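2 protein chains.
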Amino acid sequence: MKKLLFSLWLLSTTLGLRAEDGHQLWLRPHQAAPVTVVVAAKNSTLLAMAKQELERNWQGAAGATVTLTLKKDNAIKHDGFRLGPTSVRATTEAGLLYGVFELLRRQQTGQPVADKVFNPSYEYRLLNHWDNPDGSVERGYAGHSIFWRKDSSFVVTAKDKALWQEYARANASVGLNGAVINNVNASPLILSAEYLGRTKAIADVLRPYGVKTFLAVKFSSPVLLGGLKTADPLDPAVKKWWQAKAKEIYQQIPDFGGFLVKASSEGQPGPQDYGRTHADGANMLADAVKPYGGLVMWRAFVYSPNDKDRAKQAYNEFVPLDGKFRDNIIVQVKNGPVDFQPREPFSPLFGALKKTSVMPEFQITQEYLGHSIDLAFLSTMWEECLGSDTYQAGPSSTVARVTDGSVYPQKHTAMAGVANTGLDRNWTGQDFGQANWYAFGRLAWNNQLKSAQIADEWLKQTFTGATSSTASASDWNTNFLAPVTQLMLASREAIVNYSMPLGLHHIMSATHDHYGPGPWWAPPKMRADWTPPYYHQADAQGVGFDRTTGGSNAVSQYHEPLAGQFNNPATCPDEYLLWFHHLPWDFKMKSGRTLWDELALHYDHGVQQVRQFQQVWDKAQPYVDAERFAAVQNKLRAQSGNAVLWKDACLLYFQQFSHLPIPAIVEPPMHTLEGVIANDAVRPRQQPRP
Amino acid sequence: MKKLLFSLWLLSTTLGLRAEDGHQLWLRPHQAAPVTVVVAAKNSTLLAMAKQELERNWQGAAGATVTLTLKKDNAIKHDGFRLGPTSVRATTEAGLLYGVFELLRRQQTGQPVADKVFNPSYEYRLLNHWDNPDGSVERGYAGHSIFWRKDSSFVVTAKDKALWQEYARANASVGLNGAVINNVNASPLILSAEYLGRTKAIADVLRPYGVKTFLAVKFSSPVLLGGLKTADPLDPAVKKWWQAKAKEIYQQIPDFGGFLVKASSEGQPGPQDYGRTHADGANMLADAVKPYGGLVMWRAFVYSPNDKDRAKQAYNEFVPLDGKFRDNIIVQVKNGPVDFQPREPFSPLFGALKKTSVMPEFQITQEYLGHSIDLAFLSTMWEECLGSDTYQAGPSSTVARVTDGSVYPQKHTAMAGVANTGLDRNWTGQDFGQANWYAFGRLAWNNQLKSAQIADEWLKQTFTGATSSTASASDWNTNFLAPVTQLMLASREAIVNYSMPLGLHHIMSATHDHYGPGPWWAPPKMRADWTPPYYHQADAQGVGFDRTTGGSNAVSQYHEPLAGQFNNPATCPDEYLLWFHHLPWDFKMKSGRTLWDELALHYDHGVQQVRQFQQVWDKAQPYVDAERFAAVQNKLRAQSGNAVLWKDACLLYFQQFSHLPIPAIVEPPMHTLEGVIANDAVRPRQQPRP
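Protein sequence lines, in the order shown, are assigned to chains V and H.
Positions 1 to 690 (the numbering used here) are the ones given, in order, by the first sequence.
Positions 691 to 1380 (the numbering used here) are the ones given, in order, by the second sequence.
Keep in mind the hints are simulated off the structure, nothing from the lab.
Mixed in with the good hints, there may be bad ones.
[Unchecked claim] With a cut-off of at most 27 angstroms between alpha-carbon atoms, the simulated BS3-like pairs for lysine-lysine come out as follows:
| hint | chain 1 | residue 1 | chain 2 | residue 2 |
| --- | --- | --- | --- | --- |
| 1 | V | K42 | V | K161 |
| 2 | H | K1278 | V | K619 |
| 3 | V | K42 | V | K212 |
| 4 | H | K919 | H | K767 |
| 5 | H | K902 | H | K1101 |
| 6 | H | K767 | V | K588 |
[Stated by the list, open to error] Covered stretches of chain H (chain V as the covering partner; in silico rule of three or more C-beta atoms under 8 angstroms from a C-beta of chain V):
| hint | region |
| --- | --- |
| 7 | 1301-1310 |
| 8 | 1360-1367 |
Every value quoted in this text rests on a predicted model; they were computed, and no experiment measured them.
Where is the CB? At the ideal position from N, CA and C, for every residue including glycine.
Produce the complete structure using the sequences and hints provided.
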């Protein structure tokens, strides 16, 4: 008897019936059908990877033969590919790999495979990791860095390499082809020999999956690391230092991608310290990497403490420089003019820079959208931005089209996303955070994709069908896929509703690392543009930031008809209303309700939405493994409490100015304003890990 | 112009247009009509007080003459009185004072005044103050003691006296005639010359309002304070010490009420330390105060760590002693057999002690019902207990009737309430806590009063009509009085619902001083009967404490037909179900639902009730002064959050055993069990005072 039990135990462990930890992302193992793969190209590590993927995961006709062909094809751009039911053709090895992943994805998600060319929207599709040399991750909510160690160890272990390989494979599976592996608030150390050594090791592991390695650099590195007296970009010694550094890097990493630079921004050093322009600084670095085909991504996230409207400054600084950047520079622009808020209008720089390559930067990590606690499918937010029409070159000048080369003849195109990965076993802390990594990759490949399709794809690949004996697999579509897709699609708007509806922005808690409400936060001597009251401007008269022609005039940075539309509260869309207008509490909304009531209803609706998400998820239990079910259930519970906190705190705070009652149909507050403010003043307790 | 403004300011301050702090309780000043008061008795301080009340607050016919007559009247018992529209007759001075207050109450609350005798249900109507000599108050949530000072100062200030006088007047206004002014967990210090000096000063201030002073004493005082080797009640030296102490007290306070004793209980010393019985101990003390007409109140709140059912022990210890107590002893019995829980069945000692005077002890301070945060009108709880039929002398042997002398010929009758007063400006922390002080007095005077009437009376006297210019006074009854009365009447049941429904008990947090949920709390080596799992007994099979004949058999301490009714889950009332039974999670309730679903629905209903209270209160705003409106609104908000915490914590905790889903119609949890338990393990942050 004992022997039998032991055998059963052995069997069960062998079959891998272990706790589901989400580590395999959307790349879950399948019972593969037999397939023969013919590679019509010179052997390479990259092609070996492509072949292996097909052999391990083929779900098509048993015994089929699939050919991978590397061949010139004018219809194929960059690392795109041409797909057939049993063939992939491309002009690059990476293209073949992406074609293989596309073929397998279509098999798994039940999409047809017809003969068709798939070209990427952007040449560079990059993750930006805000990972520090000490292993911490700025705005990271999923554990320490996957690249750098706490003890600054430079020993590259087999475990490191295995993890990096899994990471690279996940990127490749959604078409991501580059990674900036350190924080934009860069340490000069990253350019030291030791860190470059580890960078080379990382690059070597990423390369076989077509992922190029980039580094973020500190503009003052020549001083801090090189011992020079200046980092002035026009100084010959500085130029020489960077040229030498570039050479040193490319000797070790011949396909090194290039530099990402945050300069003259939020206290970071930059060319303006020496009276030079952003163009002067960027061009100097661009010249240094040019010989090797390197790229410089120069961030436009700039603002100074004294500006009356932070939202205007990037436009004001960069538009005059249009046309003055080298052609291997891309100006990297955050999706909105302030900072990754739950909702912002698109940055007016999109489309305004007509002679400069411009790339959008999105934030995958949920700095302002609930860290790794709240469930936020960000694809809808990015889709909203990419689909926004800038009108800068006439109608249909969407953010997507003015950045992907469709409108302006950009030399290079790219899209960046601030990564949400960490050492947490499931990579992203919240299991649904994986969907944002996935969605970012898919949208960077095809900026016309719809979020509904992306959610559908991700769910089908990530949750592989009925897991409970009481649930039939045929119910899966109806009872799991459909409602959970709807949950995902509504999730970002729910967060907007319970945190910053109707165009409110930047009213989060500073003491709790941007998690939770903090509209009151304004310590003495704090620079105003870091405090919520600067943004919501609530007073007895009303609420909102007046960016109309009568106010900061930020509205004029938008092209007509937007400027006129945004400038008039009657035509300004509700979702941007308080972004552009300071309006009285009793302002009559399009709904017929007063602004105050509408605000209260939005907050309350957000809370009710999260509760509804909880119920959807509870009903999904039979279709999900116990571990991920419980993990997400616990996260939703915490989010639900957080939603109520947001609602209560903001309504009670703003009520001090409006002096109006909270409408009776809104759930009464369960917090007192005093209590919430007192708790905001202390550091949070450790969130228990579910 | 400046002069005019100054005059206006002077006028407004003179008229007393200051912030409403609730300090005046239900005794608010009125524009009195002229009245002539004729006192047909010898002048006395007490009668002067009565006369003054009439002159200051008369609301009857202007120019009326009211006579106060002290005269023998066989219909009048104790300090009762005979009332007419313009006359009060009594056999005691205190009776006249109570008659005056009754007359004024009826004028103010619009009740008719016909010729009628009003007799008190109990001879002694007492507050027990759990106030320590250092000024702290055990289970006090309204600031420090009104009697004792933090710095143990014995200086009696004019401010002290003014406060004690206000306190005594409030007591007298509802018929309370005694106060035990220190904690039952008594310090021996209270019998030292210094503390007796301050006690005399207090007694001197309380006396003119008919309030007698009592002290709680530590049984081992002869050892701790007197330096004796023993406190054995049969030891002659011990007897002598107490006799001398009694003499010392009565020399200073000739009308001193007597002693309250908590002995051989929760670690307090007592006669059992010397192998003597409770009767031995109580009788010795009774003998000491007998010559002066003093009383001994001996608490029956006893239980030992090793008993299998704490609920049984008081009965087991005291029933064999029935008839063995001196006639100036009253055994003081808590309303329920465990400890002031939100709901308990009545203590089986009521009616079972047939030859012993027994007095009920209620808890006015909200130790287990939300401190001074939650709004709990406890009158309904006391009414429920007093109205419970013990059947000990046939039907209609209610707790009220077996304690007030209607059933058994008790030498003395009394009722005690653990006070909720403190130095907080509004006396009780939560403004509605005043209603419990009021209700306790009213029920001690008349144990047949209905809570609806008490609430109506209290509201009419405490909130004196429309205060907002937009609210018409004629709407007051409909829009304020009726809904707020309903709120009060439902408030205790709401707390039962969201904290300990269906007979659950003692599952509160120990780390947060009995505020909030703690069903999990059971540190290693903690005595079991102080831990919630001892009481809820949750396991995979079910939940509840089996006190049936097949279990601890506590049920047999009740007289038939109760014992049989409680013993059978089919006939046991739902509200006591888990008090008497351990039942399976899928037990079919009278509602047709399973026990688990019923439990979940009760928790959720409690939450929804509090939210409804919030809305009732919000609508009451035009009828309440801004200060008390905001204070109560803030308390209700905090209570609302606490209700959700209770619901989430208990359902998630019990779900670990039931393994059943929370019904879909229940609001999904916003806490995680891990989070709640983690927060329970730390000391609470300071509650902000609204």
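Going through the hints against the structure:
1. V:K42 with V:K161: Distance of about 26 angstroms is within 27 angstroms: holds.
2. H:K1278 with V:K619: 24 angstroms, holds
3. V:K42 with V:K212: Roughly 21 angstroms between the alpha carbons, so the hint for K42 of chain V and K212 of chain V holds.
4. H:K919 with H:K767: Answer violated: K919 of chain H to K767 of chain H is near 45 angstroms, above 27 angstroms.
5. H:K902 with H:K1101: 19 angstroms, holds
6. H:K767 with V:K588: Distance of about 68 angstroms is beyond 27 angstroms: violated.
7. 1301-1310: Contact hint for the region 1301-1310 of chain H vs chain V: holds, 5 residues under 8 angstroms.
8. 1360-1367: Contact hint for the region 1360-1367 of chain H vs chain V: holds, 5 residues under 8 angstroms.
Violated hints, in rising order: 4, 6; the structure is consistent with all others.
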